[in-house]
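Heads up, the sequence shown is in the working numbering, so the first residue is 2 and it goes up one at a time.
Bear in mind the hints are in silico, worked out from the structure with no lab data behind them. Small disclaimer: the values here were computed from a predicted structure and weren't measured. For every residue, glycine included, the Cβ atom is placed at its ideal position computed from N, Cα and C. Please note that a few of the clues may not be correct.
Unchecked claim - Per label pair, the in silico range of CB-to-CB distance:
| # | residue 1 | residue 2 | range |
| --- | --- | --- | --- |
| 1 | 418 | 107 | 14 to 20 Å |
| 2 | 275 | 406 | 25 to 31 Å |
| 3 | 299 | 65 | 30 to 36 Å |
| 4 | 319 | 41 | 26 to 32 Å |
| 5 | 23 | 212 | 18 to 24 Å |
| 6 | 243 | 406 | 46 to 52 Å |
| 7 | 356 | 225 | 43 to 49 Å |
| 8 | 196 | 297 | 52 to 58 Å |
| 9 | 96 | 312 | 45 to 51 Å |
| 10 | 413 | 489 | 18 to 24 Å |
Said to hold, decoys possible - Okay, derived cross-link-like pairs now, DSS-like style, lysine-lysine, Cα gap no bigger than 25 Å in a straight line:
| # | residue 1 | residue 2 |
| --- | --- | --- |
| 11 | 208 | 196 |
| 12 | 13 | 65 |
| 13 | 403 | 358 |
| 14 | 196 | 164 |
| 15 | 164 | 99 |
| 16 | 164 | 208 |
| 17 | 208 | 482 |
| 18 | 120 | 99 |
| 19 | 13 | 196 |
| 20 | 358 | 410 |
| 21 | 19 | 382 |
| 22 | 19 | 65 |
| 23 | 209 | 478 |
| 24 | 482 | 209 |
| 25 | 164 | 120 |
| 26 | 120 | 196 |
| 27 | 382 | 208 |
| 28 | 382 | 410 |
| 29 | 382 | 13 |
| 30 | 403 | 434 |
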Amino acid sequence: MAQRPFTTATPKLQQAIKAFAQNDFLQAIHLCDECLRANLNDVNAWHLKGRCLTAGGLYELARKHLDNALLLSPNEATIMVSLGRLEVAQGDAEAALKWLNDTLQHHPECTEASLERGKLLERMGEYTSALEDFRSINSGDAWADEAERSIAQLHLHSEDFPKAVDQSQAIMDRSDNQSTVYRQAAFVQGKALDKLGEFDQAMAAWKKANANCQTNFDRSEFLARIDAYIETYNQESFPNLPRSTCESTRPVFIVGMPRSGTTLVEQILGSHNSVFSAGELRHIEILSNSIPNLIQSSNPMPLCLGEIQPETLDQIAERHLSELDALSCDQNLHVVNKSLENYWSVGLLHQMYPMAKFIFVRRNPFDNALSVFSNWFNPHKYSYSYTTDLGDIGFVYRQIEKLMNHWAKLLPNHCVEIQYENLLANPEHESRKMISHLGLEWDPQCLNFHQNKRLVLTLSYAQVNRPIYHSSQDRWKPYEKHLGELQESLAQSGS
2 MAQRPFTTAT
12 PKLQQAIKAF
22 AQNDFLQAIH
32 LCDECLRANL
42 NDVNAWHLKG
52 RCLTAGGLYE
62 LARKHLDNAL
72 LLSPNEATIM
82 VSLGRLEVAQ
92 GDAEAALKWL
102 NDTLQHHPEC
112 TEASLERGKL
122 LERMGEYTSA
132 LEDFRSINSG
142 DAWADEAERS
152 IAQLHLHSED
162 FPKAVDQSQA
172 IMDRSDNQST
182 VYRQAAFVQG
192 KALDKLGEFD
202 QAMAAWKKAN
212 ANCQTNFDRS
222 EFLARIDAYI
232 ETYNQESFPN
242 LPRSTCESTR
252 PVFIVGMPRS
262 GTTLVEQILG
272 SHNSVFSAGE
282 LRHIEILSNS
292 IPNLIQSSNP
302 MPLCLGEIQP
312 ETLDQIAERH
322 LSELDALSCD
332 QNLHVVNKSL
342 ENYWSVGLLH
352 QMYPMAKFIF
362 VRRNPFDNAL
372 SVFSNWFNPH
382 KYSYSYTTDL
392 GDIGFVYRQI
402 EKLMNHWAKL
412 LPNHCVEIQY
422 ENLLANPEHE
432 SRKMISHLGL
442 EWDPQCLNFH
452 QNKRLVLTLS
462 YAQVNRPIYH
472 SSQDRWKPYE
482 KHLGELQESL
492 AQSGS
């Protein structure tokens with residue numbers, strides 16, 4: 002957790018650290034709370050809970066916890082780095098850079114800060130400065146592997162593809178093929194080979210990246226969950242489901258598969274002078290997971306939603322709005338949330354915000370699936386456990402498509418459909434359609450989305466920092482001979 006202990010690491014804190022490492026943030030928060038009840042001066046518990054809250058998108062609470070940690074241990078490097086990460090998560094590059102610069106001024110030996118500053122500078126397009134930070138981290142350092150992988154990524158961004166291939170291979174040669182650093186290096190290598198036109202070798206690299214991942218994805222379980230949402234929100238019962246009294250139109254939700262074009266849509270919307278782009282907020286996921294306990298139901302989501310009362314919906318709607326206020330205090334701004342799990346929550350979100358608008362984004366299934374397969378996701382997180390297998394990706398594509406079709410039929414006046422390929426072909430027409438759907442006047446700045454200064458945190462950050470490009474369209478065609486399993490799955494799951 003930290004480079005040196007501030008307090009005795011109790012067994013409970015060790016459990017919290019383990020839960021955090023496994024991305025089980027709710028469990029880690031629960032364990033941190035137990036630590037703090039036992040010792041209110043446990044700086045590690047304050048710090049770790051702040052990091053969990055940052056990961057969950059609860060930024061206002063995260064700041065309070067990290068500030069408390071820093072009060073208990075002033076100028077502690079790892080806490081300062083975590084405050085920098087919090088600013089990155091909120092899209093404030095300038096504030097993040099200040100925290101990381103201050104950390105390195107007080108602690109020039111803090112390689113964690115050098116790594117985080119390098120990654121931030123990379124996202125800002127300042128590749129030379131980023132490279133200096135990465136190269137300052139010596140081999141044998143705890144952060145050396147990630148720094149080397151980041152250097153390979155920089156070679157990719159600067160279009161020195163042979164160097165990216167070689168750097169990635171060097172990392173892979175000395176790494177366990179089940180390790181995160183191996184997988185990340187293999188993804189970078191595949192992308193560099195793709196740019197060199199070595200399509201068979203690129204696919205081989207991506208297969209290496211996705212091999213040996215012991216995921217728990219179960220098609221029948223996923224299908225049952227999709228069907229449970231469709232049945233809970235069926236055509237007959239939907240009009241009679243309880244709704245909150247909240248009339249806010251502030252929240253806007255982008256809904257779509259990972260790698261379907263949601264980041265591009267968010268950047269276009271966020272370039273409007275009446276819209277704030279909040280990125281991939283996890284507030285709704287956390288709220289949704291808390292509902293069974295909140296209403297004291299023995300039924301899981303979504304089955305428990307038949308028991309929810311309007312007062313509870315009012316409560317969680319206001320709680321979410323307060324989190325949006327922490328991101329943007331201007332009440333006149335719409336706030337866009339593009340969480341990759343929004344497709345589960347459309348029904349609940351409509352119950353919370355009956356006036357809210359949704360932007361549904363779809364992409365050619367072959368391009369979408371290949372893009373998922375060729376990018377890093379955490380396969381041990383339930384939502385992404387399908388991402389390492391082309392057949393599973395095809396299956397999930399069709400099931401999410403089915404669920405989105407269901408939502409669109411239930412809420413025809415609240416949803417607008419954007420086809421990614423149409424957006425590339427005619428950006429002004431499709432952008433105007435989205436802006437009109439939100440009830441806003443047209444802003445020409447929407448077409449200059451690549452000039453938006455807000456930090457992009459998703460996998461698409463390099464793409465959306467330049468104008469509309471078409472290289473992502475029909476990208477699957479050179480890989481057609483490798484996509485038989487995907488094609489079969491799409492055909493079977495769509496029947």
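Against the structure, the hints come out as follows:
{"no.": "1", "hint": "418 with 107: 14 to 20 Å", "verdict": "violated (51 Å)"}
{"no.": "2", "hint": "275 with 406: 25 to 31 Å", "verdict": "holds (30 Å)"}
{"no.": "3", "hint": "299 with 65: 30 to 36 Å", "verdict": "holds (33 Å)"}
{"no.": "4", "hint": "319 with 41: 26 to 32 Å", "verdict": "holds (29 Å)"}
{"no.": "5", "hint": "23 with 212: 18 to 24 Å", "verdict": "holds (21 Å)"}
{"no.": "6", "hint": "243 with 406: 46 to 52 Å", "verdict": "violated (24 Å)"}
{"no.": "7", "hint": "356 with 225: 43 to 49 Å", "verdict": "violated (32 Å)"}
{"no.": "8", "hint": "196 with 297: 52 to 58 Å", "verdict": "holds (54 Å)"}
{"no.": "9", "hint": "96 with 312: 45 to 51 Å", "verdict": "violated (37 Å)"}
{"no.": "10", "hint": "413 with 489: 18 to 24 Å", "verdict": "violated (33 Å)"}
{"no.": "11", "hint": "208 with 196", "verdict": "holds (17 Å)"}
{"no.": "12", "hint": "13 with 65", "verdict": "holds (22 Å)"}
{"no.": "13", "hint": "403 with 358", "verdict": "holds (20 Å)"}
{"no.": "14", "hint": "196 with 164", "verdict": "holds (12 Å)"}
{"no.": "15", "hint": "164 with 99", "verdict": "violated (31 Å)"}
{"no.": "16", "hint": "164 with 208", "verdict": "holds (21 Å)"}
{"no.": "17", "hint": "208 with 482", "verdict": "holds (14 Å)"}
{"no.": "18", "hint": "120 with 99", "verdict": "holds (14 Å)"}
{"no.": "19", "hint": "13 with 196", "verdict": "violated (48 Å)"}
{"no.": "20", "hint": "358 with 410", "verdict": "holds (14 Å)"}
{"no.": "21", "hint": "19 with 382", "verdict": "holds (15 Å)"}
{"no.": "22", "hint": "19 with 65", "verdict": "holds (23 Å)"}
{"no.": "23", "hint": "209 with 478", "verdict": "holds (21 Å)"}
{"no.": "24", "hint": "482 with 209", "verdict": "holds (18 Å)"}
{"no.": "25", "hint": "164 with 120", "verdict": "holds (19 Å)"}
{"no.": "26", "hint": "120 with 196", "verdict": "holds (22 Å)"}
{"no.": "27", "hint": "382 with 208", "verdict": "holds (19 Å)"}
{"no.": "28", "hint": "382 with 410", "verdict": "violated (30 Å)"}
{"no.": "29", "hint": "382 with 13", "verdict": "holds (23 Å)"}
{"no.": "30", "hint": "403 with 434", "verdict": "holds (23 Å)"}
Hint compliance for this structure: hints 1, 6, 7, 9, 10, 15, 19, 28 are broken, all remaining hints hold.
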